[in-house]
Amino acid sequence: MPDPKLPGLQQLQHVVVLMMENRSFDHMLGALKSINPAIDGLDGTETNPDSTGVPVTVSRTAEYQSQLDPDPDHHFPAVDLQIFGGVTSAQNPRRTPNMQGFVKSYFNQQRSVQHSHLIMNYFPPEKLPVLTTLAKEYAVFNRWFSSIPGPTLCNRAFAHYGTSFGQVSMDVFYWNKQFKSIYERLNEAGHSTRLYYFDEASSSLEVVNLLKNQPALFGTFQDFLDACSSNKLPEYSFIEPNYTDHDSPDGMGELIASDQHPDHDIRAGEQFIADVYNAIRNNPKLWPNTALLIVYDEHGGIYDHVPPPACTPDAPFVAQPSATGTPDPFYFDRLGIRVPAVLVSPWIARGSVINEVFEHASIPATITNYFLGNYAQRSKRELAANTFLGYLNQSTIRPGDQCPRFQND
Amino acid sequence: MEVIHVPPPSKEAFHKGRPMSDLIKAQIKHFKHVEEKLSPRERESIPQHRITTENEAAQYITAMTRLLRSDVDEKPAKPNLTPITVKKSAPRAAARGFAIAASEAPIKPRKQSKTKSSRKKK
Chain X
1 MPDPKLPGLQ QLQHVVVLMM ENRSFDHMLG ALKSINPAID GLDGTETNPD
51 STGVPVTVSR TAEYQSQLDP DPDHHFPAVD LQIFGGVTSA QNPRRTPNMQ
101 GFVKSYFNQQ RSVQHSHLIM NYFPPEKLPV LTTLAKEYAV FNRWFSSIPG
151 PTLCNRAFAH YGTSFGQVSM DVFYWNKQFK SIYERLNEAG HSTRLYYFDE
201 ASSSLEVVNL LKNQPALFGT FQDFLDACSS NKLPEYSFIE PNYTDHDSPD
251 GMGELIASDQ HPDHDIRAGE QFIADVYNAI RNNPKLWPNT ALLIVYDEHG
301 GIYDHVPPPA CTPDAPFVAQ PSATGTPDPF YFDRLGIRVP AVLVSPWIAR
351 GSVINEVFEH ASIPATITNY FLGNYAQRSK RELAANTFLG YLNQSTIRPG
401 DQCPRFQND
Chain U
1 MEVIHVPPPS KEAFHKGRPM SDLIKAQIKH FKHVEEKLSP RERESIPQHR
51 ITTENEAAQY ITAMTRLLRS DVDEKPAKPN LTPITVKKSA PRAAARGFAI
101 AASEAPIKPR KQSKTKSSRK KK
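As given, the protein sequences belong to chains X and U, one line each in that order. The first sequence: position 46 = 46 (our numbering), numbered continuously. The second sequence: position 97 = 97 (our numbering), numbered continuously.
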């Protein structure tokens, strides 16, 4: 538990989480190592063998769009290959993660050796002015891992429930729901909370349980902006980006996807992150008492060099081989691949680098601990997860002219 | 500290005819799971068009979201303002994908007030 006497926590009233889509830490933030060696990014020599055995070196040549089509595989068997380099547990029961299977995995989709090399590309910081500026100016997590070495929906479930209820795929239907979502917990205790999806046409990925059963929990991104400007922001907000290019439901325009899921244009996501940040940053009644976490749900099949660590098993849940698509069951005892995560607050020292291990169960763990205190009915993984508000640890608030501002062109 | 300018996506980036990703297919699958539990009368308002592209998915998702939130939204939803807009892109070849339903039933847009100019088609 963080020290509640910290001035930043004494003032804290709101926490906002923005969860983006499918990019790895090294892909987005790996280049920052050349600026701040404390950031565990890339030194430019990391390699992966391609399908012919030739080492492919990481490259600062990631493009905003067009390189990651088809969408790199990030279902459980593919991520297993990416992490273990193609060594199966049958070949070596004591295999260890070596992060050597990304190029092989991408090759499997198109059988193109040349195209498979693109999975090693990463962005120079100047191409991502919003995310890299926030990472440099506030706190960047060196060890925030996705919760499962698998796809989006089971990973997002950890952000909502602290568990995926034993599921490792996109089929998260909550037939074995033992733990309440963070939103239900807060509502029952009289706290305010909202999930903000972008618009009706993009909607939420939390369909089968929350949107179906508790539609009043939701709002649009415009509702979020209105809540910020009218000083009616809930205590806890979770924001979903726009997942598709689509005609506006009101027939008045066209809206581009802002989730940064391959192969959507990264710049739209950068502007969306700036919109969220600006809505808080530019309101003097919100800025001193709001913490913003920007985090990605999973790595999207894109290269990262840090092996995911073992973790507390999420007992009693076990995914059988029929679900994992591999010869082995999965006990939820290993985290997924590392993702970008940045914590923003004027109570954070410039250039903070956090080395503790985090995962998405850290989100409900943090919100529950801060707003509700002791709460027993939580998953094993959530109970073991680190919380992040203790990093609002400065004794004085940073002056406004030391906090960046963004303008979308 | 100087204001940092954030570049917009290119005009060519917008492609509403892009085939759905696995993520959107899963989202549609979940909405279909919910739709199956609706009453026949409720289902009448849900379009049953072929869904292969992002925009086709968005049309179906709009209808389902409105229905699920109809008890919450007593007034029409506010327009969703955002500066992230692009001009219409040149038509591209129709995307190939799996068909969730075969008939054509375009969704009727909900009446809403006019939005800021940043949202209008340019």
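No lab work stands behind these hints, which were simulated from the structure alone. Be aware that a few hints might be false.
Taking lysine-lysine pairs in the DSSO-like style, the calculated list, with each CA pair at most 30 Å apart, reads [said to hold, decoys possible]:
id, chain 1, residue 1, chain 2, residue 2
1, X, 177, U, 11
2, X, 180, U, 32
3, X, 33, X, 180
4, X, 177, X, 127
5, X, 180, U, 25
6, X, 180, U, 37
7, U, 11, X, 212
8, X, 180, U, 11
9, X, 212, U, 37
Fair warning: this is a prediction, and the values are worked out from it, not measured in the lab.
- Message: So, against the hints stated earlier in the document, which numbers end up violated here?
- Response: Structure breaks hints 1, 3, 4, 7, 8.
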